[in-house]
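Chains as they are written, first to last, in the working numbering: chain A, 428 to 689; chain B, 61 to 163.
Because the hints were derived from the structure by calculation, they are not lab data. Treat the hints with caution; some may be incorrect.
Unchecked claim - Just some of the chain A residues that point at chain B, by a computed CB distance under 7 Å:
# : residue
1 : ARG506
2 : TRP523
3 : THR532
4 : TRP584
5 : LEU595
6 : ARG601
7 : ALA639
Treat the numbers as computed from the prediction; the structure is a model and nothing was measured. Glycine included, every Cβ here is placed at the ideal spot set by N, Cα and C.
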Amino acid sequence: MKLLASPAVRVGISISIATGLYGVSFGALSVTSGLSILQTMALSLLLFSGGSQFAFIGVVGGGGSGIAAMSAATLLGMRNGIYGMQLNALLRPRGWRKYVGAQLTIDESTATSTGQEDPAEQRRGFWAAGIGIYVLWNVFTAIGALAGSGLGDPKQWGLDGAAVAAFLALLWPRLKGREPVAIAVVCAVATVIAVPFVPAGVPILVAAVVAALAGWFSHGRRDEGLEPDIEPYAEHHYGRHGCGSPGQRTEHGGSAQPGAGS
Amino acid sequence: MNLWIWLILACVLAYAWKLVGYFVPAKFLEDPRTSRIAGTMTIGLLASLTVVNAVASGQALAADARLGALGAAAVALALRAPFLVVVIAGAGTAALLRFLGWS
Numbered sequence: 428m429k430l431l432a433s434p435a436v437r438v439g440i441s442i443s444i445a446t447g448l449y450g451v452s453f454g455a456l457s458v459t460s461g462l463s464i465l466q467t468m469a470l471s472l473l474l475f476s477g478g479s480q481f482a483f484i485g486v487v488g489g490g491g492s493g494i495a496a497m498s499a500a501t502l503l504g505m506r507n508g509i510y511g512m513q514l515n516a517l518l519r520p521r522g523w524r525k526y527v528g529a530q531l532t533i534d535e536s537t538a539t540s541t542g543q544e545d546p547a548e549q550r551r552g553f554w555a556a557g558i559g560i561y562v563l564w565n566v567f568t569a570i571g572a573l574a575g576s577g578l579g580d581p582k583q584w585g586l587d588g589a590a591v592a593a594f595l596a597l598l599w600p601r602l603k604g605r606e607p608v609a610i611a612v613v614c615a616v617a618t619v620i621a622v623p624f625v626p627a628g629v630p631i632l633v634a635a636v637v638a639a640l641a642g643w644f645s646h647g648r649r650d651e652g653l654e655p656d657i658e659p660y661a662e663h664h665y666g667r668h669g670c671g672s673p674g675q676r677t678e679h680g681g682s683a684q685p686g687a688g689s
Numbered sequence: 061m062n063l064w065i066w067l068i069l070a071c072v073l074a075y076a077w078k079l080v081g082y083f084v085p086a087k088f089l090e091d092p093r094t095s096r097i098a099g100t101m102t103i104g105l106l107a108s109l110t111v112v113n114a115v116a117s118g119q120a121l122a123a124d125a126r127l128g129a130l131g132a133a134a135v136a137l138a139l140r141a142p143f144l145v146v147v148i149a150g151a152g153t154a155a156l157l158r159f160l161g162w163s
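Working from the sequences, and respecting the hints, build out all of it.
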């Protein structure tokens with residue numbers, strides 16, 4: 428009961444429910460993309476990163492090879508390494524907590540934690556969101572996979588349209604400002620141009636190279652594209668441009684400042 | 061069976077990225093380029109996956125019911141609909157267009 432009095436825990440629980448629910452769409456789309464229920468569950472249990480999981484099944488569903496699916500998922504997972512660095516500086520986990528915390532390091536658990544000011548709340552927010560999403564995401568993946576496997580022809584239900592919508596929904600919250608929109612458009616055009624010339628799945632990797640070059644040469648915000656799919660602090664005002672955004676924290680000299688403290 | 065190998069490798073590498081963050085010295089954070097590339101790559105990959113799923117059919121380009129799904133999803137997102145509603149809007153539009161005869 429005492430835990431529920433913590434604002435970070437309450438935010439963590441509500442973000443867990445919102446994120447967990449869309450595990451249904453992942454589960455259903457995964458089995459209709461040709462993965463087995465066991466493979467679908469392996470992705471949610473072991474890979475556990477929404478964007479990368481959708482990328483993997485998106486490439487497989489589009490006829491791409493396993494290696495292209497693996498590459499797309501892995502490139503999309505790079506930002507979790509950045510979150511790991513921020514959380515390590517912020518929470519300073521010790522021993523086994525590092526290894527368990529690493530698996531729970533995703534957009535939403537990071538955003539829930541970094542949106543708090545008090546170090547104890549930052550810690551509670553991370554674990555509440557991380558554990559809550561992990562449990563619900565896997566439960567709802569299983570429900571979606573079981574439901575999806577009984578659907579018959581996925582096209583009749585418009586599930587290929589659902590995949591398009593899911594990717595756009597993952598992209599949308601990251602299109603804040605002119606530069607991210609420009610990067611998205613350039614990468615979309617590069618993809619369309621590449622489709623007829625290279626095997627399925629590879630156009631996505633071409634776009635990744637274009638995007639990496641854009642990141643290397645541009646001078647945008649350092650946390651560009653590092654927004655969670657669902658913003659935990661949407662109702663409050665310390666959202667995107669306040670202390671809620673992981674990258675900005677360090678610039679403001681907040682407690683994520685490398686080397687601060689001990 | 062073959063897919064299992066790449067799937068497990070994807071899981072191992074995903075965990076490796078996460079874990080690396082906890083063991084890399086925090087001074088890497090001071091190079092804004094690292095996190096900017098992680099961010100622009102996220103945007104680029106998601107944009108590319110959206111387009112591939114909307115218009116690619118193997119190695120050919122196609123304009124079919126999936127374009128309708130893309131439009132419906134954009135409208136739903138502009139109206140600030142939650143994720144699941146956006147996905148259902150996409151599926152429903154594609155199914156409806158197909159029912160009306162647009163492949």
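### Query
Is the interface hint for THR532/A satisfied, with its Cβ closer than 7 Å to some Cβ of chain B?
Holds. Min distance 5 Å.
### Message
Min Cβ distance, TRP584/A to chain B: is it shorter than 7 Å?
### Response
Where the cut-off is 7 Å and the nearest Cβ of chain B is about 6 Å from TRP584/A, the hint holds.
### Task
Against chain B, run the beta carbon of TRP523/A and see if the smallest gap drops under 7 Å.
violated (12 Å)
### Message
The hint names ARG506/A as touching chain B; please verify it with the least Cβ-Cβ distance against 7 Å.
### Response
holds (4 Å)
### Supplied contact hint for LEU595/A, tested at 7 Å Cβ to chain B
holds (5 Å)
### Task
Using Cβ atoms only, decide whether ARG601/A comes closer than 7 Å to chain B, and label the hint accordingly.
Where the cut-off is 7 Å and the nearest Cβ of chain B is about 5 Å from ARG601/A, the hint holds.
### Query
Was the hint right that ALA639/A lines chain B, CB cutoff 7 Å?
holds (5 Å)
The structure does not agree with numbered hint 2 stated previously, though it agrees with all others.
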